[in-house]
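Mapping of the sequence shown onto my numbering: position 83 corresponds to residue 83, and the numbering continues sequentially without gaps.
Bear in mind the hints are in silico, worked out from the structure with no lab data behind them. Here the structure is a predicted model, which means the values were calculated and not measured. We treat Cβ as the ideally placed atom computed from N, Cα and C, and that holds for glycine. Worth double-checking, as some hints may not be accurate.
Simulated restraints, written as ranges between beta carbons of each label pair [what the hints assert, rightly or not]:
#1 R124 to L25: 30 to 36 Å
#2 P26 to L129: 40 to 46 Å
#3 K3 to A58: 25 to 31 Å
#4 T13 to I151: 25 to 31 Å
#5 G39 to E71: 35 to 41 Å
#6 V35 to I113: 40 to 46 Å
#7 N64 to N152: 21 to 27 Å
#8 F9 to N30: 32 to 38 Å
#9 L129 to N31: 40 to 46 Å
#10 P63 to A138: 16 to 22 Å
#11 G79 to F9: 26 to 32 Å
#12 K3 to I32: 40 to 46 Å
Think about it this way: if two alpha-carbon atoms lie no more than 30 Å apart in a straight line, the pair counts; the simulated DSS-like pairs of lysine-lysine are [said to hold, decoys possible]:
#13 K3 to K131
#14 K70 to K131
#15 K3 to K70
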Amino acid sequence: MSKAATLVFIQFTLLGLEAVALLLLPKYGNNITRVLGAGMVIAGFAVALYAIYEHQRANRQLPNVVPIPKETGGLITSGLYRWVRHPIYTGVLLGAFGVAVFQGHIVTALLAIALYALFSVKSRYEENLLKIAFPEYAAYMTRTGRFFPGINL
Numbered sequence: 001m002s003k004a005a006t007l008v009f010i011q012f013t014l015l016g017l018e019a020v021a022l023l024l025l026p027k028y029g030n031n032i033t034r035v036l037g038a039g040m041v042i043a044g045f046a047v048a049l050y051a052i053y054e055h056q057r058a059n060r061q062l063p064n065v066v067p068i069p070k071e072t073g074g075l076i077t078s079g080l081y082r083w084v085r086h087p088i089y090t091g092v093l094l095g096a097f098g099v100a101v102f103q104g105h106i107v108t109a110l111l112a113i114a115l116y117a118l119f120s121v122k123s124r125y126e127e128n129l130l131k132i133a134f135p136e137y138a139a140y141m142t143r144t145g146r147f148f149p150g151i152n153l
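Use the sequences and the hints to build the structure in full.
Shown next as structure tokens:
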């Protein structure tokens with residue numbers, strides 16, 4: 001299995017485990033954490049969907065789940081992509097951490113942290129390829145946060 005495919009496999013495994021943990025593990029949160037967590041999940045879903053829409057509108061194709069740029073795609077630096085380089089990952093992370101806040105269980109928190117670590121590795125892999133495909137990507141990286149505006153972690 002290629003590195004790109006392995007990263008995608010781990011990503012969906014972590015997301016699946018987060019869903020299973022949400023369904024099977026006890027919930028320790030209170031009304032405040034449940035409302036906050038649910039809001040984070042809804043906001044994350046909205047961010048991810050809007051980023052997918054922006055990508056499809058700009059490139060006339062859906063984004064690639066595998067972190068390899070499509071030859072027919074272009075570099076997007078407007079909309080959500082003006083603020084963060086990986087807004088789909090941002091939305092997924094917001095949702096994953098929202099599940100952890102909603103549930104209040106250490107397992108969902110650790111899964112969200114693991115997903116953040118995976119997206120950090122996956123995005124670096126993807127960005128190395130994007131710098132080759134789009135020479136202007138290096139400059140874009142210096143002015144745009146990876147997952148959150150102004151933050152390159």
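Verification of the supplied hints:
no.: 1; hint: R124 to L25: 30 to 36 Å; in the structure: 31 Å, holds
no.: 2; hint: P26 to L129: 40 to 46 Å; in the structure: 42 Å, holds
no.: 3; hint: K3 to A58: 25 to 31 Å; in the structure: 26 Å, holds
no.: 4; hint: T13 to I151: 25 to 31 Å; in the structure: 26 Å, holds
no.: 5; hint: G39 to E71: 35 to 41 Å; in the structure: 39 Å, holds
no.: 6; hint: V35 to I113: 40 to 46 Å; in the structure: 22 Å, violated
no.: 7; hint: N64 to N152: 21 to 27 Å; in the structure: 23 Å, holds
no.: 8; hint: F9 to N30: 32 to 38 Å; in the structure: 36 Å, holds
no.: 9; hint: L129 to N31: 40 to 46 Å; in the structure: 45 Å, holds
no.: 10; hint: P63 to A138: 16 to 22 Å; in the structure: 21 Å, holds
no.: 11; hint: G79 to F9: 26 to 32 Å; in the structure: 29 Å, holds
no.: 12; hint: K3 to I32: 40 to 46 Å; in the structure: 41 Å, holds
no.: 13; hint: K3 to K131; in the structure: 18 Å, holds
no.: 14; hint: K70 to K131; in the structure: 13 Å, holds
no.: 15; hint: K3 to K70; in the structure: 17 Å, holds
Checked against the numbered hints given earlier, the structure breaks only hint 6 and satisfies all the rest.
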